[in-house]
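Peer 1: So the chains spell out like this:
There are 2 protein chains.
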Amino acid sequence: MDLSLFTVSIEAFEVVGHTLTLGYAVMAASLLYFILTKNSNMPKYRMSSVLSVVVMVSALLLLYTQKQSWTAAYAFDATAGKYVIREGAELFTNGFRYLNWMIDVPMLLIQILFVAGIAGVAFRKYLFQFSVSGVLMIITGYIGQFYEPGRVAENMTAWLVWGFISTVFFVWVLVLITRVIREGKKNMAGSKAKGIFGAILPLFYVSWFLYPGAYLMPALMSLGVVDYEFAIVAQQLTYTAADIGSKVIYGAMLNISSTILSNEQGFSE
Amino acid sequence: MDLSLFTVSIEAFEVVGHTLTLGYAVMAASLLYFILTKNSNMPKYRMSSVLSVVVMVSALLLLYTQKQSWTAAYAFDATAGKYVIREGAELFTNGFRYLNWMIDVPMLLIQILFVAGIAGVAFRKYLFQFSVSGVLMIITGYIGQFYEPGRVAENMTAWLVWGFISTVFFVWVLVLITRVIREGKKNMAGSKAKGIFGAILPLFYVSWFLYPGAYLMPALMSLGVVDYEFAIVAQQLTYTAADIGSKVIYGAMLNISSTILSNEQGFSE
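Protein chains in written order, with my numbering: chain G, 8 to 276; chain A, 8 to 276.
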């Protein structure tokens, strides 16, 4: 196989390295934010903060590993003035992301139930449906990414078919979360938290739709619209933006909603 | 010896790396979960959370080391399009797991006694029996794995004999844990915690039986049923699933049981 096709410019190499470093620094910083603000909320809301902490630890480790994988995969070639695949090194792989999402996705979906005030039978029903849809979405996407254009084993059909199956579960997640947010808003009738809690719905849609976008980005390379370098840089930027939106901003909005609800119920730290 | 037999495809190499990374990220994330939820339980149950923390730290370090051992052992060979044993590098070894289980196994078995409400003479009897059976199970398994097929010193007879001795202690552990869970359920008569606490028994059986399965997996390679690559990938996946089940999910179920019991006794954080 000819690895010489997989070169990246100095700028592209650095942008990806910087972006991944931003990513894990955001997770590390937010980890402390969620720990330190947990007790501003009533005990019944605190599990949302605990699950944000779980997600931050997982995302921190995964993005750090992604960064190490990126750095190890390339070496600077002074003759070409570019970064080339480092001989004998591990190839860069996005797969760390997918497997870590097996932790994050169920946790992100379950944590909102505590703030939305969903309990009893409905809680267990959502817990089960979120876990099943989330895990199946990720496993099928994980299998698909092995066939991504630009990888040694690239196979456009397999990549698209697995991506499509994953999308079916993705749509199921969107249907469920829309329902949960609607129920949560009903439970917050008359509360000032309703506004910020309701704003989670558009945030969720925007940040979660970035993931299938990033998955599909290498298709532009196959179609000759963009080159390898552009596809890989755009993919890493998109994944990082999606991670910050769907994990950190989402968790912070849930946390702020919980604090408002706690204060309205006479709780103070 | 001919190391060229021990090649792994890109996909197999990556699946193992991703899985081990998932493994230590789960342990790190759960470490924070057990710390942050400890005080939701009455003091008499908190030692269970503390022992979960001890197990998480041990498992986190061990799986991180397993991941480093895996990565260091192979190098990408562009000509073959595969990962091959890296020249002069340390060989991959599973032995880290066994020695760390000397910490985990006694802790996992002892922590349930606090939630099951077993005290006094019975507590000390189980503490002693769990420690002896657990440690002997691990030491004999550790000796056995040095003779595993696919290792340089492979010796089928020694591997099976030590594996058999280890299994005797394993059965002793299963007998003891079944008794403890039965007694715990009796102590929880009338409590809502009885359901989730009782569900620990099937979880324990399923997750613990994965270990002898993973130990024996290389036998399929010796019998020519599967190749080196399949055996090693299947073994790492099985060990990781077993670790998550027997340490994290088990600990979370004990923690949730403790919280329910604490609330029923009028405790709130």
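Careful: at least some of the hints might be erroneous.
Quick list of the computed label-pair ranges, beta carbon to beta carbon [as the list claims (entries may be wrong)]:
(1) Ala-96(A) - Met-163(G): 31 to 39 Å
(2) His-25(G) - Ala-126(A): 54 to 62 Å
(3) Gly-124(A) - Val-139(G): 46 to 54 Å
Since the hints were derived computationally from the structure, they do not count as laboratory data. Source: prediction; values computed, not measured. Every residue, glycine too, gets a C-beta built ideally from N, C-alpha and C.
Peer 1: Look at each hint and say if it fits the structure.
Peer 2: Taking the hints in turn, this is what the structure says about them:
1. Ala-96(A) - Met-163(G): 31 to 39 Å: Once the Cβ atoms are compared, 36 Å apart, the range 31 to 39 Å for Met-163(G) and Ala-96(A) holds.
2. His-25(G) - Ala-126(A): 54 to 62 Å: holds, 57 Å
3. Gly-124(A) - Val-139(G): 46 to 54 Å: The hint (46 to 54 Å, Cβ to Cβ) is violated, given that Gly-124(A) and Val-139(G) are roughly 34 Å apart.
The structure fails to meet hint 3 from the earlier list, while all remaining hints are met.
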